[in-house]
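Engineer: Listed below are the residues making up each chain.
2 protein chains.
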Amino acid sequence: MIIAQELDLNWKNVKRCIENWIKNYFFTNKIRKVVVGISGGVDSAVVASLTKNALGRGKVIGILLPEKGVTPKTDRKDMKKIVELLRVDFLEIEISKLVKNFIEAFPLVKGDLLAYGNLKPRIRMTLLYAIANVNRALVVGTSDRSEYYLGYFTKFGDGAADIFPLLGLYKTQIKELGRFLKLPRAIIDKTPSPGLWKGQTAEKELGISYEVADRIFFYKKDFPILYGKVYSNEKIAKIIGINKYLIELVENRGKNTMHKRALPPSPPIPYPYFTWKKS
Amino acid sequence: MIIAQELDLNWKNVKRCIENWIKNYFFTNKIRKVVVGISGGVDSAVVASLTKNALGRGKVIGILLPEKGVTPKTDRKDMKKIVELLRVDFLEIEISKLVKNFIEAFPLVKGDLLAYGNLKPRIRMTLLYAIANVNRALVVGTSDRSEYYLGYFTKFGDGAADIFPLLGLYKTQIKELGRFLKLPRAIIDKTPSPGLWKGQTAEKELGISYEVADRIFFYKKDFPILYGKVYSNEKIAKIIGINKYLIELVENRGKNTMHKRALPPSPPIPYPYFTWKKS
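These protein sequences, in sequence, are chains C and W.
Going left to right, the first sequence walks through residues 1388 to 1666 as our numbering numbers them.
Going left to right, the second sequence walks through residues 1388 to 1666 as our numbering numbers them.
For reference, chain C alone in the conformation it holds in the complex (with noise of 0.2 Å):
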């Protein structure tokens, strides 16, 4: 796959300035390490590589929380495999004991997919906050542009960490960034998935390709300031030539998911023009 013309970087311009960014928030905010959970995906292998050039090998703990019958033999493989190409610490802590102990104390989990799949990234980020505070480390997130707009992650489970350094890219162009990088072919190429149950795929579950998806993305978020140009629906389905309801589809994930990308609200302070006693 090649990716598409609107969303190619300077891949060596981008992997300079997020290391740099990683760096200067690192030695800024005096760190002394960062643990990076590694799922064998492609988000994870290129966090964790920009994070061991930004940092060097003795900063990065790799931490791999596989799920026994879960998480498939190659994600596992792949896993270690990242880990040794990086030559980082790491620890592996099985968690489907952890998981079941949950079910036994709320067992209703079970019957309920939403209630069973936002279990695990809880569990995980409880798991990689307890390795960080030990190390007093920072935790690092993965999450990329594509999943952030559309909500497709936990909220408090993987979209909980300290610093999140793919934010600002588009699921495909981490993908040409680890081509960039030369992680493993087999890394890159692989089916995007949470590895919440078996057999779960990102696309399916999203009704939608990343790369169609980041596409959208592309005119509805990055065009209009690139070329002070606002398209309507039907004009981006034709350039991208996808049916129109794709793009609402993208656009109803973002609005229902406004919550998972704002700190929580609450009532304003009350202030005398209306509770304060003496004012």
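Derived from the structure by calculation, the hints contain no laboratory data.
Incorrect hints may have been included.
For identical chains, the list gives no copy identity; a pair is met inside one copy or between any two copies.
[Stated by the list, open to error] The list that follows gives simulated cross-link-like pairs (lysine-lysine, DSBU-like), each with its CA atoms no further than 30 Å apart:
#, residue 1, residue 2
1, Lys1417, Lys1608
2, Lys1464, Lys1591
3, Lys1446, Lys1497
4, Lys1622, Lys1497
5, Lys1642, Lys1417
6, Lys1468, Lys1616
7, Lys1569, Lys1468
8, Lys1467, Lys1399
9, Lys1608, Lys1622
10, Lys1591, Lys1417
11, Lys1420, Lys1399
12, Lys1399, Lys1631
13, Lys1608, Lys1464
Given chain C's structure and the hints, the job is docking chain W onto it.
Structural biologist: Frame of chain C, contents of chain W only:
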């Protein structure tokens, strides 16, 4: 105890506005139910009470998550007292087994008070969201403005919820609101504690009482907006009758926990003036 004059509000109006805010959020977003974690402390008692007033008792599920051997008997009794008083549905899950399971999965947590303390609120958050997901409910947070500014909460633990109805009120104001709501005196006058280990109390750990911290926050955050004047730390210390170092303590806690009050940072989106290939 009488609340400091600066912090006194018209509690009838405060009650009405927060309840209306909850109601408005709930109906605007077409939410079916809410879950509230009830700890036996004043914050969660006040939140539960306001939420029930706003939505009716059929919409509220109280969640009791005590830990055997750690949660004091009085708190366990007070949790029950609140849900009985409000006559809302409730669910109790004892978390000590889950804590044990995490320690088995990553034993180093045990020797590290930071990791150990943070683990429990994250387990509770994970349970609250599992219960909320199954009930298609919203998670109502209980954090207050004092804890928030001091950063005295666990990121992605008790700091994680869908809405925070009390975030505009200082701890001493919430106690006063609790009195206005006629909640049990034992709950209002209880020594504040996150209850993460035996004998933990908030004010000992913070090195300052909420009474003093709240007055400092008033003079630093509210006074300049109410009266258009900024007082020096010396002047504030003199007004409150405290040593200036307490103000610095509060300021340092605020600075060191800024990351807990913001969305996690990420590098800028790469626009072509520095990275896009065609421009």
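Engineer: Now tell me, hint by hint, if it's right for this structure.
Structural biologist: Each hint tested on the structure:
In this homomeric assembly, Lys1417 and Lys1608 come within 30 Å of each other (Cα to Cα) only across copies, at 28 Å, whereas the closest approach inside a single copy is 34 Å. In this assembly of identical chains, the alpha carbons of Lys1464 and Lys1591 lie at most 30 Å apart only when taken from the same copy (24 Å versus 49 Å across copies). In the homo-oligomer, the alpha carbons of Lys1446 and Lys1497 lie at most 30 Å apart only across protomers (23 Å), although the nearest pairing inside one protomer, at 38 Å, exceeds that limit. For the identical chains of this complex, Lys1622 and Lys1497 are neighbours neither inside a copy (44 Å) nor across copies (59 Å), given an alpha-carbon limit of 30 Å.
Only between protomers do Lys1642 and Lys1417 lie at most 30 Å apart by alpha-carbon distance; the minimum there is 14 Å, versus 37 Å within a single protomer. When the C-alpha separation of Lys1468 and Lys1616 is checked against a cutoff of 30 Å, the pair qualifies neither within a copy, at 45 Å, nor between copies, at 60 Å. Taking CA atoms no more than 30 Å apart as the test, Lys1569 paired with Lys1468 passes inside one copy only; the shortest distance there is 13 Å, against 61 Å between copies. In this homomeric assembly, Lys1467 and Lys1399 come within 30 Å of each other (Cα to Cα) only inside a single copy, at 26 Å, whereas the closest approach across copies is 60 Å.
Taking the shortest alpha-carbon separations for Lys1608 and Lys1622, only the intra-copy value of 15 Å comes in at or below 30 Å, while the best inter-copy value is 49 Å. Taking identical chains as interchangeable, the C-alpha atoms of Lys1591 and Lys1417 lie at most 30 Å apart only when they sit on different chains, with a minimum of 27 Å there against 42 Å within one chain. With identical chains, the CA atoms of Lys1420 and Lys1399 are at most 30 Å apart within one copy only, with a shortest distance of 25 Å there and 50 Å across copies. With identical chains, the CA atoms of Lys1399 and Lys1631 are never at most 30 Å apart, being 35 Å at best within one copy and 51 Å at best between copies.
When the C-alpha separation of Lys1608 and Lys1464 is checked against a cutoff of 30 Å, the pair qualifies neither within a copy, at 37 Å, nor between copies, at 53 Å.
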